[in-house]
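Heads up: the sequence lines are chains A and B, in that order.
For the first sequence, the residue numbers in the working numbering are 1 to 461.
For the second sequence, the residue numbers in the working numbering are 1001 to 1461.
Quick caveat, the hints were computed from the structure, so don't treat them as lab data.
Here a beta-carbon is modelled for each residue, glycine too, at the ideal position from N, C-alpha and C.
The reader is advised that the hints may include incorrect statements.
[Claimed, not checked] Straight-line distance between alpha carbons at most 27 Å, and here's what the computed DSSO-like set of lysine-lysine pairs gives: (1) A/445 x B/1125; (2) A/168 x B/1445; (3) A/445 x B/1261; (4) A/221 x B/1221; (5) B/1431 x A/350; (6) B/1445 x A/431; (7) B/1062 x A/431; (8) A/221 x A/350.
[What the hints assert, rightly or not] What follows is a set of in silico ranges between Cβ atoms, one per label pair, in the way DEER data are often shown: (9) A/353 x B/1066: 41 to 47 Å; (10) B/1411 x A/2: 42 to 48 Å; (11) B/1439 x A/366: 50 to 56 Å; (12) B/1303 x A/317: 28 to 34 Å; (13) A/306 x B/1106: 28 to 34 Å; (14) B/1446 x A/8: 34 to 40 Å; (15) A/22 x B/1439: 27 to 33 Å; (16) B/1353 x A/97: 34 to 40 Å; (17) A/334 x B/1301: 43 to 49 Å; (18) A/392 x B/1434: 49 to 55 Å.
Protein chains: 2
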Amino acid sequence: MRTRIELTTDQIAALGALVDGRISTNDSVLDLHGRDESAFPPVKPSAVITVHTTQEVSDVLKYCNSHDIPVVAFGAGTSLEGHVLPLFGGISLDLSAMDKILEISPDDLTVRVQAGVKRMALNKKISSDGLFFSVDPGADATIGGMTSTGAAGTTTVRYGSMRENVLKLTAVLADGTIIETGRETRKLSAGYDLTRLIVGSEGTLAIVTEITLRVFGIPEKMAAAVSRFPTLADGVQAAIAVVRSGVAIARCEFLDAQCIKNVNAHDGLNLEEAPTLLFEFHGSPRSVEEDAHVVQEIAAEFGGTNFEWTSEEGARRKLWQARHNAYWAGISAHPGKRAISTDAAVPLSKLAEAVALTEKILSQSAFPFSILGHVADGNFHAFIITDPNKPEELPAVRDLTHHMTDAIIDMGGTCTGEHGIGAGKISSLEKEAGPGSMAVMLSIKKALDPKGILNPGKIFA
Amino acid sequence: MRTRIELTTDQIAALGALVDGRISTNDSVLDLHGRDESAFPPVKPSAVITVHTTQEVSDVLKYCNSHDIPVVAFGAGTSLEGHVLPLFGGISLDLSAMDKILEISPDDLTVRVQAGVKRMALNKKISSDGLFFSVDPGADATIGGMTSTGAAGTTTVRYGSMRENVLKLTAVLADGTIIETGRETRKLSAGYDLTRLIVGSEGTLAIVTEITLRVFGIPEKMAAAVSRFPTLADGVQAAIAVVRSGVAIARCEFLDAQCIKNVNAHDGLNLEEAPTLLFEFHGSPRSVEEDAHVVQEIAAEFGGTNFEWTSEEGARRKLWQARHNAYWAGISAHPGKRAISTDAAVPLSKLAEAVALTEKILSQSAFPFSILGHVADGNFHAFIITDPNKPEELPAVRDLTHHMTDAIIDMGGTCTGEHGIGAGKISSLEKEAGPGSMAVMLSIKKALDPKGILNPGKIFA
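Hey, can you work out the whole structure from these sequences and the hints?
Following this line, the structure appears as structure tokens:
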């Protein structure tokens, strides 16, 4: 059993000397680095170090490795699964000051950034080159954090997740070794795919300091469409039929009636409170119009009504407002409460069944909830509302989510499509991956981080 | 220094008992398993075992691991880099009889196959469900082999390589442990991405026995276009501009004038002997027409002339005939000779420079050559013609290709976009990946295959 590591005064001095004194044990700084957007109780690090360079990360890790001090990387603190919590004390390594966009290559459709760059700042900067970075989790996360959790978002169906969009990494191993993985090429078959091994490894194998990303040209035209359905199952079936049709959807999101109710209340809107599918299309003016027509026809086959579509920018943003505000609208419907999000993904053929089962299980519980998701990817979230002042609710929610997750895994799905394992889903991962794969993961972990200093307590029990 | 392992009579008997006697030391069988489509001199295994089930693979590996017997998997023998050569003797494990298509799921757009299924047989089978499997290396390789080399092809620009299209694997570790990696979901963020670690690991980490693949709906319409350019550089620049424009090209291939000459001679055609770009578009009738128009305009900006396009099936196939026959036409232009293919990939902004450099270096050599490639991915091949009866040519070709590869790596490229490392590119990989990443790869290799029985002599020196 691991115990919590507190740094000694000597260790603090020695580490401070490596980073021009940028080490803090100030209580409010520790507090800020001891929480994220998950429902896990806060855990303070013993000290917070702010790094400015890859070399500093290397120096700090080398010291921590030889002194058995745990290190957890910190970016924007937007994890939903407790990734940044220093469960065993030690160092919270803050990379948010490494926020430089190092290179923009319009001809290559790539950008190279430091790990602390946030996705919205990146998009703002590269838009003047006619480019955009596609991966859009709800939060304004850092690229380093998104890399480490293997983040995805609403455009994954068209442009891929971090796994498809990270081409090259600079990362620091537990012992301080700096490595580069991958190449800035679109195709690569040279040795083991270390890039994709580190993407999604949640800071347990290495700390990522620089990332080369694929970006895309901003499409000539974007259009949006919305359709309402009699039942949740009808909407899900329509989404699957759209995917099968091969229409090049850029986004396809589902909201249940409760989500729409919340948004109406939150934003003073008057949207039809029915299961709703939202689409976005990217392309030429003709192609987005054609895509919208095909989707309208398919939606109608599944009882879709009240179909609206537009390629006018303001109207398009308005159609999507319900989706963008769903999370906050869900929370503000329950003042003082917070939402815990599930993250199931299933094969498309099981999606209707999985969503129906989720709705049934949650309807039988006492917790308010809503369901939405990236249906074209088979990935959906249930937002379960809990009271942070009633910590006794957490075990009940955990039982509920584990009950649902077990059923999802049994139908061939996964406990996490995009949020990662973190601290709360380890038993689900064990069930899902099985003992053979878990042993392989652990043997890789031990090969790369034999002392286990990198983000202990995550992914592995 | 490893030495060659010959099996003892007892070992042959013991292994034969594990597989109903399907072990052979017949010289012609050994010979057949000691060569592939590379130019490496043949190396016979000590014995060939034909397996029918994952359990048999497990039983054989368990035995071989405890007796230090090397094992190299064998499928169709179409590797271009000597992957299947048993450099240190031991067993060639033939999986070609594991050729069952286990499951076709049109609703999930997935198929599950045994490793020995060949890609053309798969496509023939699933076409009746309106589906196709997109990855198309030149050869009719097995899905297991394509998985192990991380294969790609002409449609990678649109549909991805094996890395993007393998969702789930069953694989057997060196000690016989059977593992399953990944899930049959479109998104997954659950623990380390073992699937993508094994894809492209060239049989050095595990032997793949079952694969779940993403497949796609056959597009409503396909159209083709061709354009000729004054110089090779013009054609390459036009291809890059098309990629940047965001037109959804399904294929974009480049052929130099020599390729066209060879095809004219081989097929009795009368194509204009100029640098040529070929395109394919997939979508609705309107969208493919629109795409072709946009491409025509862009091609014209770069001096593209003699533009032809068609969506009529027969004419489309005829336009692409030059590409499909380029390899064989190149060889038949030099009776009795064989072609060695390079596999460089560079960032798009370096592509014109990289192709020009390749052409310059090869023009100064005595070897006939032609250049073609998947330009939209920055990946291209030089076919260098050698005489198999003059083995002294091989070191000269190796010097030439290593000279070119060094330059490619220096400009940020890779020694292999899709063929893999195999036996001949190890020094290039070391230069490209650097000592840090090589050490990580080796530590993973040692963690998963501590005795080094899986495909020794590949990837690592």
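To see whether the hints hold, each was checked on the structure:
Straight-line distance between C-alpha atoms of residue 445 of chain A and residue 1125 of chain B comes to about 41 Å, which puts the hinted pair past the 27 Å bound. Taking the CA atoms of residue 168 of chain A and residue 1445 of chain B, the gap is near 21 Å; set against the 27 Å cutoff, the hint holds. A threshold of 27 Å between alpha carbons decides the hint, and for residue 445 of chain A with residue 1261 of chain B the separation of about 54 Å lies outside it, so the pair is violated. At most 27 Å may separate the alpha-carbon atoms for a hinted pair to count; residue 221 of chain A and residue 1221 of chain B meet this at roughly 22 Å.
For the suggested pair residue 1431 of chain B and residue 350 of chain A, the alpha carbons sit about 46 Å apart, so the restraint of at most 27 Å is broken. A hinted pair counts as satisfied when its Cα atoms are at most 27 Å apart, and residue 1445 of chain B with residue 431 of chain A qualifies at roughly 26 Å. Restraint check for residue 1062 of chain B and residue 431 of chain A: satisfied, since their Cα atoms lie roughly 25 Å apart, inside the 27 Å limit. Taken as a hint, the residue 221 of chain A and residue 350 of chain A pair is broken in the structure, with Cα atoms around 33 Å apart against an allowance of 27 Å.
Under the hint 41 to 47 Å, the C-beta atoms of residue 353 of chain A and residue 1066 of chain B, about 45 Å apart, fit the expected range. Here the CB-CB span from residue 1411 of chain B to residue 2 of chain A is close to 47 Å, well matched to the stated 42 to 48 Å. The hinted range of 50 to 56 Å is satisfied by residue 1439 of chain B and residue 366 of chain A, whose Cβ atoms lie roughly 54 Å apart. In this structure the hint that residue 1303 of chain B and residue 317 of chain A lie 28 to 34 Å apart at CB is violated, the actual value being about 42 Å.
For the pair residue 306 of chain A and residue 1106 of chain B, the supplied restraint of 28 to 34 Å holds, since their beta-carbon distance comes to about 30 Å. A hinted range of 34 to 40 Å for the beta carbons of residue 1446 of chain B and residue 8 of chain A is consistent with their spacing of about 35 Å. A C-beta distance of roughly 30 Å is found between residue 22 of chain A and residue 1439 of chain B, which places it inside the suggested range of 27 to 33 Å. At roughly 36 Å, the beta carbons of residue 1353 of chain B and residue 97 of chain A sit within the given window of 34 to 40 Å.
A beta carbon spacing of about 58 Å between residue 334 of chain A and residue 1301 of chain B contradicts the range 43 to 49 Å that was offered as a hint. Range check, residue 392 of chain A to residue 1434 of chain B: Cβ separation about 52 Å, and the 49 to 55 Å hint holds.
The structure does not agree with the numbered hints 1, 3, 5, 8, 12, 17 stated previously, though it agrees with the rest.
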